[in-house]
Amino acid sequence: MWAMSGWLTDQPIDVARLVADVASAGSGGTVVFLGTVRRSEADGDVEAIEYSAYQEMADAELGRIVAETRARWPEVRIALRHRTGLVPLGEASVVIAASAPHRAEAYAASRFLIEETKRRAPIWKKERLATGAARWVEGRPAGG
Amino acid sequence: MWAMSGWLTDQPIDVARLVADVASAGSGGTVVFLGTVRRSEADGDVEAIEYSAYQEMADAELGRIVAETRARWPEVRIALRHRTGLVPLGEASVVIAASAPHRAEAYAASRFLIEETKRRAPIWKKERLATGAARWVEGRPAGG
Amino acid sequence: MSGAPGKGSGSEAGIRVCIRLFATYAEAAGRDAIEVTLPPGAVAADALAVVRAQPWAGRLAPSPAVAVNRRYAKADAELRDGDEVAIIPPVAGG
Amino acid sequence: MSGAPGKGSGSEAGIRVCIRLFATYAEAAGRDAIEVTLPPGAVAADALAVVRAQPWAGRLAPSPAVAVNRRYAKADAELRDGDEVAIIPPVAGG
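Each protein sequence line maps, in turn, to chains U, Y, Z and A.
The opening position of the first sequence corresponds to residue 837 in the numbering used here, with each subsequent residue numbered one higher.
The opening position of the second sequence corresponds to residue 837 in the numbering used here, with each subsequent residue numbered one higher.
The opening position of the third sequence corresponds to residue 87 in the numbering used here, with each subsequent residue numbered one higher.
The opening position of the fourth sequence corresponds to residue 87 in the numbering used here, with each subsequent residue numbered one higher.
Since no wrong hints were added, every one of them can be taken at face value.
Covered stretches of chain A (chain U as the covering partner; in silico rule of three or more C-beta atoms under 8 Å from a C-beta of chain U):
1. 101-112
2. 154-167
3. 170-179
What the simulated footprint calls covered on chain U by chain A, stretch by stretch (three residues with Cβ under 8 Å from a Cβ of chain A suffice, anywhere in the stretch; the number is not a length):
4. 881-892
5. 916-930
6. 950-961
7. 974-980
Incomplete in silico selection of chain Z near chain Y, CB under 8 Å:
8. R106
9. F108
10. T110
11. A147
12. A178
13. G180
In short, the hints are calculated from the structure, not lab data.
We put the beta carbon where it would ideally sit given N, CA and C, even for glycine.
Full structure from sequences and hints, please.
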């Protein structure tokens with residue numbers, strides 16, 4: 837059992853904390869992305885989503901994504917957390933904060949971080965229904 | 837004296853509240869922009885920024901900007917607050933939350949909202965220095 | 087506008103507008119509004135011309151934005167009695 | 087890889103790798119790892135071939151991603167004794 841590695845957490849994500857983490861006197865704009873579980877009409881009574889991960893690799897891959905982002909936008913400050921375990925509807929599964937002296941960079945870095953996270957992080961999710969049943973959510977081909 | 841009109845406030849902005857305002861079961865991604873006062877080396881001892889506004893028009897113009905955003909991205913939910921009065925360094929002067937079923941729309945709407953706000957809102961700022969002096973911050977040509 | 091041919095200014099009743107000033111302009115003017123009476127048919131540019139004639143007009147931006155009734159207006163926007171006009175200094179919100 | 091000409095598998099010592107399975111693959115397999123010994127010179131694609139030979143292989147994506155030592159790897163990435171290989175199902179994070 838583990839509570840948190842660098843980028844993964846099994847606890848609710850403290851958005852204010854991540855925003856504070858990227859604050860600096862030179863920061864002109866902070867862009868925060870919150871991923872929340874979308875629920876379509878066809879979904880039925882989903883009560884929660886259970887995220888599972890290849891934890892050691894997910895942590896390493898998220899670290900590589902952050903490092904790539906920093907290399908591309910050196911002035912950007914980044915904080916990122918992805919949930920694992922059971923996430924009730926309405927709670928964020930991922931939060932990414934990016935601040936920069938100029939907002940264009942904060943937006944670009946933010947978008948890059950979430951796109952790469954979705955494409956590369958070895959994380960999966962299962963819907964838990966009110967009936968007690970569970971089903972895997974179809975994913976996207978993983979890519980490095 | 838006034839405390840708050842629709843889009844302006846003279847109190848610290850509650851980011852969590854704005855995020856909650858745009859939350860919905862159909863939302864897949866929320867993008868939050870926080871504008872904070874950037875401080876360059878040349879600025880000296882700035883202690884706070886004082887925002888003044890043509891309040892009736894700023895409120896109307898921000899309302900028009902939000903309406904235009906909704907017309908362009910009908911699925912996006914929007915919350916926006918801009919500070920007036922004295923804003924200590926480190927506090928956000930503007931916060932914009934935009935959520936959408938698909939994150940591309942949330943990012944696009946967020947960017948549009950902040951760009952238009954900066955271009956059109958009749959708001960000005962003055963730096964308050966530790967010495968007691970004050971100076972206006974040079975602005976951008978206003979445009980409708 | 088004043089003295090423009092074809093537009094009377096003496097015999098007809100004028101229109102009263104309030105020209106509001108903000109930030110650096112209000113500071114330069116030492117007040118935040120100018121009440122003026124303009125000839126009928128006056129447009130936004132005429133209100134701006136009144137401001138340009140002020141002793142502190144050197145502080146104005148080259149092409150200041152003008153708002154009429156709390157909305158950005160073009161130079162040829164016609165004014166009506168009671169309109170609120172504003173000369174908008176370069177903005178710095180966000 | 088097994089039986090590929092020019093690469094011995096009987097006389098030389100093999101390399102042991104652990105193939106980890108996750109999510110739908112682990113569920114289909116009924117376990118989360120397969121320990122295998124591959125011939126020297128084996129590559130990532132050889133570990134994938136072992137998985138493709140499993141009775142539940144119908145559940146695999148057409149071209150599953152493969153990771154070696156917690157990093158995405160190409161099919162021709164050479165394996166070493168003790169490597170951790172993982173077959174990565176389509177991902178759904180974010």
